[in-house]
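Chains U and Y are the protein sequences, given in the same order. Heads up: the first sequence at position 318 corresponds to 318 in this note's numbering, and the numbers run straight through without jumps. Heads up: the second sequence at position 33 corresponds to 33 in this note's numbering, and the numbers run straight through without jumps.
Be aware that one or more of the hints could be misleading.
DSSO-like cross-link-like pairs, simulated, lysine-lysine; straight-line CA separation at most 27 angstroms [stated by the list, open to error]: (1) K152/Y / K131/Y; (2) K97/U / K112/U; (3) K140/Y / K452/U; (4) K112/Y / K152/Y; (5) K89/Y / K261/U; (6) K43/Y / K106/Y; (7) K112/Y / K129/Y; (8) K106/Y / K140/Y; (9) K112/Y / K43/Y; (10) K452/U / K152/Y; (11) K452/U / K112/Y; (12) K112/Y / K140/Y.
Simulated from the structure, these hints should not be mistaken for lab results.
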Amino acid sequence: MTALPFLLLILAVVAGYVVNRRAARLIRDGGNRLHSMTSYHGIFSALLILVPVLTFTLLWLVFQGPIIDRITMASLPEGVLDGLDSGGVQLVLAEIKSVSRGQVFGTPEDWKIAAADRFVMLHDRADWWLVVAVCILSLGLLAFARSRVAADFRARQGVEGIVSGLMIFCSTVAIFTTVGIIVSLSYETMRFFDRVPVADFLFGLNWEPQIPLREDQIAAEGAFGWLPVILGTIVITVVALIVAVPVGLFSAIYLNEFAPKRLRSVVKPVLEILAGVPTVVYGFFAILVVAPAIRNFGQSLGLDVAPNTALAAGGVMGIMLIPFISSFADDALSAVPQAMRDGALGLGSTRGEMMTTVLFPAALPGIVGGVLLAVSRAIGETMIVVMAAGLMAKMTINPLDSVTTVTVQIVTLLIGDTSFDNPKTLAAFALGMMLFLVTLIINIFALRIVRKYREAYD
Amino acid sequence: MNDMRKIERDANMTDTKITARGVNVYYGDTHAIKDVNIEITDKTVTAFIGPSGCGKSTFLRCLNRMNDTIDICRVTGEIRIDDQDINHKSVDPVQLRAQVGMVFQKPNPFPKSIYDNIAYGPRIHGLAKSKVELDEIVEKSLRRGAIWDEVKDRLDEPGTGLSGGQQQRLCIARAIATEPEVLLMDEPCSALDPIATAQVEELIDELHRDYSVVIVTHSMQQAARVSQKTAFFHLGNLVEFNDTSEIFTNPTDTRTESYITGRIG
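Produce the entire structure from the sequences given, and follow the hints as far as they go.
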């Protein structure tokens, strides 16, 4: 049933194309010189129908459900919803919907069955109205587009206008999505700060979110200082970058400049496979292989090593990040023109000197871009740290200790029984907001640094 | 003017700087240079002319072993500079390239400041002991590159911001800064407008008092204007090599004659 409007739309689009193109051809064959080629007339008509009708249909389908829900609930007999809170009303609606799908549990009241019938009827009627609306709209636009066909009609400019509008839309979708995420995050964050003072969150040194959910539960008092958590994220990120940046950069430099072609053709794809390994597998590797190895090694040196260490999680995360940095740096180095290499070699520099003095500075923006992406991934990475880093929030920068990260805390706060009116759950949103801000600040700084030190070639 | 040049040229004829014997170059299966023998004199401008793809640039790149940087390229035969076989195992191509400077077809200043462009060679070869000495080398090279007056007030600005002709003179100055004995130029004016070309040609004429200059060019007028000796390449063969005035007025080979009169090329 929902496929029918789309089928009609496709038909109308094809019809618009054919009709306008034929009309344009007739004008041309009549001896007039057309401003635009006949195919532009066709495409103009097709786009003129496609874009508005598709938008209309999608909006209709989005709003149809909630509106019908409202009408159904409003038409219930007086009094049946008395004494129910919002959750209870939702439950009634869900029951009506499941009855309307034929899934009847127990014996529903008569008014519920009546409501379900009404619900089905409204949906049928809405579907038909949509079909009618699509037909009228398509035919109207078809006629309008047909009426525009003339020898001097600038169909090409029309098509270019519509297409550039679509491109503007596509390029702003990501921005609007980001804005939407920020808005929803800030809303929940505000609610969190209604319950916990901002200063406690920003400057508190304790993170113990296990507060009682009910009056009679025995749990900790609750403390929401984010510093130990973000410190854990920083420690793990630093460990990961210490592993990933040198290894990734050197492998890129070697593969780009020094490796024989055959070795490069083997190593590069293998490195890229590393990027495709699911992080949960890295988590296994960290907790089952790396963490015990580090613990045994540390104990043999007489060091006190926790079973879950930042070093194990960060190190394995670093291995995960190697292909990112390596392939970004490799692309950036490859993009430096051959003339730069020739120039440096022609002056008698060795390949190493050429790399450090000419290629590397010229490729710096791309390389920093790769490192930045790696930093963002390290900060946002969840699975490896959930498995290998631990849950205890501690104010420590010792990589041999167990730490916890912002992402791990968000996961643990939102798992299990959650209610959205206590600070424990809302803290997750505050943490998410801070994570967002931290990555934003890192990006801004890195872009500034790149702009200052980049050596642009042309 | 012409007569004076002839006298000067005769005076230098005796010093042979580069000797090539039986040089063959292969790109994979392609035989690009076929048994070339040539003697290039010191403190002279030698022009390589010939149609596109005749191998003149390839041969030029043999003289500082730039062909080593191309994987599929193979060079055989003997090339001597000052009686040193440059393909001998004991010769480090890196040091050879400091001794034999090269200027490329497209100006390729590094994306660094004008100062750093010139100082690049002296720095990597450790030619200057102090900052003052380096400043002197930079100024001297820019003066010899006939670009000092245009850039002396903006040595900190990027070399890529100069005009095409200025960039090419900057690249020549950069090559000079390592104090080479031979200067190879691979079509140095082909990306330049006529005025910039004239400036670079004037510079080349200046340079041959101190260096042995080998220039590859597409323009026969340019070869006639700047060089004392000219070599004509065709399909990988060195067809004719003689004084420039002889080549252009009295070629011995019919192929040379056809090329300079515009019948092939």
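These are the hints, each one checked on the structure:
no., hint, in the structure
1, K152/Y / K131/Y, "holds (17 angstroms)"
2, K97/U / K112/U, "holds (10 angstroms)"
3, K140/Y / K452/U, "violated (30 angstroms)"
4, K112/Y / K152/Y, "holds (16 angstroms)"
5, K89/Y / K261/U, "holds (24 angstroms)"
6, K43/Y / K106/Y, "holds (25 angstroms)"
7, K112/Y / K129/Y, "holds (22 angstroms)"
8, K106/Y / K140/Y, "holds (24 angstroms)"
9, K112/Y / K43/Y, "violated (32 angstroms)"
10, K452/U / K152/Y, "holds (24 angstroms)"
11, K452/U / K112/Y, "holds (13 angstroms)"
12, K112/Y / K140/Y, "holds (19 angstroms)"
This entry does not satisfy hints 3, 9, going by the numbered hints stated previously.
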